[in-house]
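Chemist: Those sequence lines, one after another, are chains L and D.
Everything in the first sequence is counted per the working numbering, starting at 161 for the first residue and increasing by one.
Everything in the second sequence is counted per the working numbering, starting at 161 for the first residue and increasing by one.
For the record, the hints were derived by calculation from the structure and aren't laboratory data.
You may find that some hints are simply not true.
[As the list claims (entries may be wrong)] Coverage of chain D stretches by chain L, computed from C-beta distances (three or more under 8 Å per stretch; other residues unrestricted):
| id | region |
| --- | --- |
| 1 | 194-207 |
| 2 | 273-281 |
| 3 | 327-335 |
| 4 | 456-466 |
Heads up, the beta-carbon is just placed ideally off N, CA and C, and yes, glycines get one too.
Number of protein chains: 2
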Amino acid sequence: MAAGEIPCENLPPLRGVRVGTVMAGIRKANRRDLVVFALAPGATTAAVFTRNAFCAAPVIVARAHRAATTPQAWLINTGNANAGAGSAGETDARDCCAALARLLDCAPEAVLPFSTGVIGERLPVATLTTALPAAVAALRPDGWIDAAWGIMTTDTRPKAVSRSFVVAGQTVTLNGIAKGAGMIRPDMATMLAFLAVDARIAAPALQSALEHAVAQSFNCITVDGDTSTNDACCLAASGDGPALAPDCPEWPIFQAALDEVCLKLAQAIVRDGEGATKFITVRIEGARDALEARQVADAIAHSPLIKTAFFASDPNWGRILAAVGRAGMADLVLERVEIDLDEVSVVRQGGLDPAYREADGQAVMARTDITITVRLGRGTETVRIWTCDLSHDYVRINAEYRT
Amino acid sequence: MAAGEIPCENLPPLRGVRVGTVMAGIRKANRRDLVVFALAPGATTAAVFTRNAFCAAPVIVARAHRAATTPQAWLINTGNANAGAGSAGETDARDCCAALARLLDCAPEAVLPFSTGVIGERLPVATLTTALPAAVAALRPDGWIDAAWGIMTTDTRPKAVSRSFVVAGQTVTLNGIAKGAGMIRPDMATMLAFLAVDARIAAPALQSALEHAVAQSFNCITVDGDTSTNDACCLAASGDGPALAPDCPEWPIFQAALDEVCLKLAQAIVRDGEGATKFITVRIEGARDALEARQVADAIAHSPLIKTAFFASDPNWGRILAAVGRAGMADLVLERVEIDLDEVSVVRQGGLDPAYREADGQAVMARTDITITVRLGRGTETVRIWTCDLSHDYVRINAEYRT
Numbered sequence: 161m162a163a164g165e166i167p168c169e170n171l172p173p174l175r176g177v178r179v180g181t182v183m184a185g186i187r188k189a190n191r192r193d194l195v196v197f198a199l200a201p202g203a204t205t206a207a208v209f210t211r212n213a214f215c216a217a218p219v220i221v222a223r224a225h226r227a228a229t230t231p232q233a234w235l236i237n238t239g240n241a242n243a244g245a246g247s248a249g250e251t252d253a254r255d256c257c258a259a260l261a262r263l264l265d266c267a268p269e270a271v272l273p274f275s276t277g278v279i280g281e282r283l284p285v286a287t288l289t290t291a292l293p294a295a296v297a298a299l300r301p302d303g304w305i306d307a308a309w310g311i312m313t314t315d316t317r318p319k320a321v322s323r324s325f326v327v328a329g330q331t332v333t334l335n336g337i338a339k340g341a342g343m344i345r346p347d348m349a350t351m352l353a354f355l356a357v358d359a360r361i362a363a364p365a366l367q368s369a370l371e372h373a374v375a376q377s378f379n380c381i382t383v384d385g386d387t388s389t390n391d392a393c394c395l396a397a398s399g400d401g402p403a404l405a406p407d408c409p410e411w412p413i414f415q416a417a418l419d420e421v422c423l424k425l426a427q428a429i430v431r432d433g434e435g436a437t438k439f440i441t442v443r444i445e446g447a448r449d450a451l452e453a454r455q456v457a458d459a460i461a462h463s464p465l466i467k468t469a470f471f472a473s474d475p476n477w478g479r480i481l482a483a484v485g486r487a488g489m490a491d492l493v494l495e496r497v498e499i500d501l502d503e504v505s506v507v508r509q510g511g512l513d514p515a516y517r518e519a520d521g522q523a524v525m526a527r528t529d530i531t532i533t534v535r536l537g538r539g540t541e542t543v544r545i546w547t548c549d550l551s552h553d554y555v556r557i558n559a560e561y562r563t
Numbered sequence: 161m162a163a164g165e166i167p168c169e170n171l172p173p174l175r176g177v178r179v180g181t182v183m184a185g186i187r188k189a190n191r192r193d194l195v196v197f198a199l200a201p202g203a204t205t206a207a208v209f210t211r212n213a214f215c216a217a218p219v220i221v222a223r224a225h226r227a228a229t230t231p232q233a234w235l236i237n238t239g240n241a242n243a244g245a246g247s248a249g250e251t252d253a254r255d256c257c258a259a260l261a262r263l264l265d266c267a268p269e270a271v272l273p274f275s276t277g278v279i280g281e282r283l284p285v286a287t288l289t290t291a292l293p294a295a296v297a298a299l300r301p302d303g304w305i306d307a308a309w310g311i312m313t314t315d316t317r318p319k320a321v322s323r324s325f326v327v328a329g330q331t332v333t334l335n336g337i338a339k340g341a342g343m344i345r346p347d348m349a350t351m352l353a354f355l356a357v358d359a360r361i362a363a364p365a366l367q368s369a370l371e372h373a374v375a376q377s378f379n380c381i382t383v384d385g386d387t388s389t390n391d392a393c394c395l396a397a398s399g400d401g402p403a404l405a406p407d408c409p410e411w412p413i414f415q416a417a418l419d420e421v422c423l424k425l426a427q428a429i430v431r432d433g434e435g436a437t438k439f440i441t442v443r444i445e446g447a448r449d450a451l452e453a454r455q456v457a458d459a460i461a462h463s464p465l466i467k468t469a470f471f472a473s474d475p476n477w478g479r480i481l482a483a484v485g486r487a488g489m490a491d492l493v494l495e496r497v498e499i500d501l502d503e504v505s506v507v508r509q510g511g512l513d514p515a516y517r518e519a520d521g522q523a524v525m526a527r528t529d530i531t532i533t534v535r536l537g538r539g540t541e542t543v544r545i546w547t548c549d550l551s552h553d554y555v556r557i558n559a560e561y562r563t
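Required output: the full structure, derived from the provided sequences and hints.
Modeler: The following block contains the structure:
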């Protein structure tokens, strides 16, 4: 089940990036669950991580390793999040990095670890390191799609987006993969997403470009309002290609491609949200400021009542109105509030639009992609976020997750 | 389905309060859906209402009527919340009050209207007023239990609690009924709850007593985090009985009885929460202040991931840890965080307690009533709130609600 098409595009090889994916049997047998990215010497990287105070051990270690040296490899496992295991979890993450570093002949700190899966169990280090030689042997430039499969947990489909553009007569390719279907409410970070571009870009500029893209993509989605302990989004510039810098004429083209890849991957996460059958855009207009706009958008996007109504294709606008009402705005003038479902005017002057017909609302709800627009009439700020509905399958998936 | 026993106690007659319940056919046939409370002349009343900015028409009218004169009757319908209908909704509510006032021979402003049910549809005024003579004819002192049935919507059981105590040699009875199973996250108010005591109590003291009781009961429960547009809790002192005032020796006995009745009704709402199979007490200790304690409690109580894990009887403490981590505390020292499930120590020093055995956690999860205790190690503030799990039935009930 998914709400609409999940992009799984052809990911061409990138100069300077090799990817290897294997079945290590970390939690389940016969499942791709271990991915290695090897970056060319001279590559630069950028990254953003979860702001959950309980960040997982790999996030702690990845941050420390990034501070120590230039990353040359990403090591990703699914099946186990290595979160909540205390300092032992950090030791486990470091041991895995060291094992890969020996195989790649680099410093242990040049390996960044990422884990996703069950929280609160010790990482099976021996299982993981035993499979590393095979993963390294599998490294190849066209290994991206296998990796998109290899980082999945409760995702039903791999998520892969690629764009290319020309810099100084040379084609530059930007690839991205992402995973994440539940515990999705990124906070200045994402679920796991890995991107690379075959160009030479200085690390500070690369970090700025990534943060710009993330702010308008991964940070604007929510499935269930639960921010993960393991969120991470990494971008590598392999160095094997033309130089790019913020003052190049091609920089805006690169930023636009990066923004688009991130947005498509973020929306793919929502479309593949646990149990999702509807892809919902929540658009708030006329807010006093950005914080208020986001508060109202979140109140709608996190309301179990609205999400179940969408699952039932029920244009229950009263529940939307109630969520707006409890979003904590001071001095809200009800008579100015308007709500549209796609092109259908539903609420005008704080009450049901006299011209509204239930059949029109139901026609909108029959669609897979639906936009809720709320105009507050308080200012000029606008925000747009994406979420999905709450279905039987969400409960089933999350009730059965550890069984 | 309900999590544990829902109190439906015998409600003895109260001096000075008569209750009438009928089937008006407001939304469905053959269902008690219209309740009238008639208060003796000289009764005083207290009330608290929803803080949702989109409060329903009956809330607006009830507030205005309370400001205008002393209430003599409560008029409650289910099947239609009369919310989101704009100024027409207020006219509808006033017309119903006027119709009942004619039958009871009182001022229209002496009638307080309450509605619960579907949001966004016009109240069927003619259907309601046609049934009013029968409701008035049905008024009797022992009509309380019928009323407990008559105010139900998606509730599976009526909720009724009674306590009595002696004041100046005279037995005083306090009865309370409540409804509410979804859209439950009261904010300084409750779902619908109606209480009465056969004593003489000045209105200001009665209001203080009610606010004290509500703060620790209805305001400490959440089913789905959605604050209703129609929440209201009313308490009448019929005047037909001994005098009670804050400086009486019996006042603490009255306050304790009121606190207990409100707490039992509030907990009954959670136990009967839509689809609930588990009754969960969330206890936060060692917070810096009350706001922080409540933020952490809410992050846990509103987490769909934790609630589905409880539905599955899965002691998934990692999800609890993750919710604590995203609750917005500055400078949280992970190593001080402890989590217990009932008497079982699960998290110590921010990680899994080495002594924890999964079998112990599962033994706790097999219970219907479970307490999550989180010690933050940041201060001395404690808070306790109640919630329920998130089950298939929650989705089913809310997806099918308008069909």
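Chemist: Does each hint fit the structure? Answer for all of them.
Modeler: Hints versus structure:
no. : hint    : in the structure
1   : 194-207 : violated (count 0)
2   : 273-281 : holds (count 3)
3   : 327-335 : violated (count 0)
4   : 456-466 : holds (count 4)
Checked against the numbered hints given earlier, this structure breaks hints 1 and 3; the rest are met.
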